[in-house]
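2 protein chains.
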Amino acid sequence: MANNTVTAPKGFLAAGLHCGVKKSGKFDLALLACPTGAKAAAVFTTNKVVSAAVQVCKKHVKSASISAVVVNSGNANTCTGKRGLANAVKMCAETAKQIEIGPHNVLIASTGIIGKHLPIKKITAGISKAAAKLSASSKAGLDFAEAIMTTDTKPKQAVRRFEISGAKVTIAGAVKGAGMIAPNMATTLCFITTDAAITQPLLAKALKAAIGNSLNRLTVDGHQSTNDTAIILASGLAGNRPIVSQCPRYKRFANALAEVCGDLARQMVLDAEGATRMFKVVVKGAATKADAARAARAIADYPLVKCAVNGGDPNWGRIICAVGSAGVKLNPNKLACKLGPITVFKNGTPRKFDAKKASKVVSQTEHTITVDLGAGKASDFCYGCDLSAEYVRINADYHT
Amino acid sequence: MANNTVTAPKGFLAAGLHCGVKKSGKFDLALLACPTGAKAAAVFTTNKVVSAAVQVCKKHVKSASISAVVVNSGNANTCTGKRGLANAVKMCAETAKQIEIGPHNVLIASTGIIGKHLPIKKITAGISKAAAKLSASSKAGLDFAEAIMTTDTKPKQAVRRFEISGAKVTIAGAVKGAGMIAPNMATTLCFITTDAAITQPLLAKALKAAIGNSLNRLTVDGHQSTNDTAIILASGLAGNRPIVSQCPRYKRFANALAEVCGDLARQMVLDAEGATRMFKVVVKGAATKADAARAARAIADYPLVKCAVNGGDPNWGRIICAVGSAGVKLNPNKLACKLGPITVFKNGTPRKFDAKKASKVVSQTEHTITVDLGAGKASDFCYGCDLSAEYVRINADYHT
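Heads up: the sequence lines are chains A and B, in that order.
The opening residue of the first sequence carries number 1160 in the working numbering; numbering runs sequentially from there.
The opening residue of the second sequence carries number 1160 in the working numbering; numbering runs sequentially from there.
Treat identical chains as interchangeable: a pair holds within one or across any two.
With a cut-off of at most 27 Å between alpha-carbon atoms, the simulated DSS-like pairs for lysine-lysine come out as follows:
#1 K1280 to K1505
#2 K1536 to K1241
#3 K1443 to K1207
#4 K1221 to K1367
#5 K1493 to K1241
#6 K1217 to K1505
#7 K1511 to K1182
#8 K1288 to K1217
#9 K1439 to K1511
In case anyone wonders, no lab produced these hints; they're calculated from the structure.
On a predicted model such as this, the values are computed, not experimentally measured, just so you know.
Required output: the full structure, derived from the provided sequences and hints.
Encoded structure:
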């Protein structure tokens, strides 16, 4: 069977194991290595409170070459002051020691509970064990994907294989937790590997674009966590003619990367805590792209819309209410709304529609809500998921 | 027993009855009258999509004298185009005809489902019956309070009696639905009566201030509905020395009005759909008052905080996560958080605390979350309620 994990691209090794952060015994330490050194780029949370891991990772990612990424799950190492920062530094130092590289060649991420100190001795012991286990097998890649999980119900991975200048190129990724919203957990982590030969600035540009249209279009609870991190490493071992400009080769790479991120984003939203279905919100007729994005987010984040989707209810009044309070320019006399292909509201007036058919649309695993603001020509979109009683149970019954 | 309804102040009559908008047979038409004519002021939703009632009411409230307020519940008359506007005009015309005044002396409000046309014949017939029933009794006032309800579980009323220049002055109010968030319902309506003699500009000023610190500080789902309306009518029959400047008499009136609105706001949030407890969020140490207000709202609207309160969980990490993503200025090294009197986080570092005691605080019917941003001297506050599985059930299982 083909290797569809982060070890699929040439030059990558991985490992995952239980070191003792999680009481459940589940995997909680993940290690990714690129012995030949990789070009790296990353995107981080915009939350003003960030984990110690994010603070350290932001510095290290400026290094010319990255050889390893170390990740722990079960503890976010956030709101932990100076001791937290020292622990993140220790994690990088231990990884560097094991792989015989410099600490600044190690990237780091943490995810889990906020405000508790890391059991650092267990983690450094785990890093030593993980380094000994590093392997290019698909089993090792899957172990990595499992070790970054928190309340995720399954590992989420995606891969794309394509050709550039006659050479086979692979991009693979693993993400955790669009559950966002795990009990007290800090949330999205995304790790992507590729063997494409590409310059660092173009790698960063392609990552930013891909994340902007995928992970950054997801909204489960409307808030970015303190730990959100997306990292891409490029080993350059595919043998392709290096991508050094925004030529057709770059476009092929960027498109494949966008596909990988889009695939991961869909898996994340469908695995969101308590989520039973997802929806795409398309807003057109906006005065500006920013207005369109804001309106789309307002709809996807509106608890009443999320509840209606949960109940399979074609309740378009709630969609219009969300749009009206989003603070965007709109023309009430030109406003329109579609559920899937069914027009339910047009020119500010309700349209007769088959409620049973509309309910069927809303009850699908995935449907599209389209809103026309009647105020311009800009458009944008985002993805949301339903809000279920199960979500509340998960997040209320858990106790710190 | 004292009359504690909107008919308590001198000069007001009320009525409430079932005219046929609601299938349940519950009251759905409310009428308030001030035969001698009242000075009036109002505050409306900032949603860009507003009901036909709001459009008409905004015009009529500019009249020098208001003699009646007509309200229907069960149908918001929103997103109903020209026909909806014509129906709102008809409701005022019928009320004016019955009470023998001009249509512009009638204020109007609607609340209920969005996107359906009013059964206007049933409503005009109901107005005629309500006009015949108008009474100054406390029974009539209670009927009014019940007829404006949608998914509210009980009528919500408040009254204050005080003296101005030796004359007894009364302020009374009735509100509906901080359930916000009724199934497809447009939400907050607030009607206040007083017999104080006061100029219109000062009446408007006092209302704006009182609503700003009460109803506008509530957040159940973070969105203003399409129909939100607060109206105050002053008959001037109390016999007090008229309030014509911002003198101590004005302050006494404004304080009493603020108390009435605060009382109504508390009742609303505790009667929110599925809500089991409420909380106050106080944000201090902000760079600006706007930052403080924004951070407070971000905390009160954050689903994970609302779920934690539902579960009685002192989960302060979620509070800090919400603050960090609110887009306000903050100093991570000076950030602090208190649950009731218990400091759980200070100077960016977690503090040891008794988890059982903290859980007791969060499990109260009402508690205060205090956050210090460490970025300045401004402060602000707001009220929120918990998010329960029951809320989701109410809003998912309802079908349009």
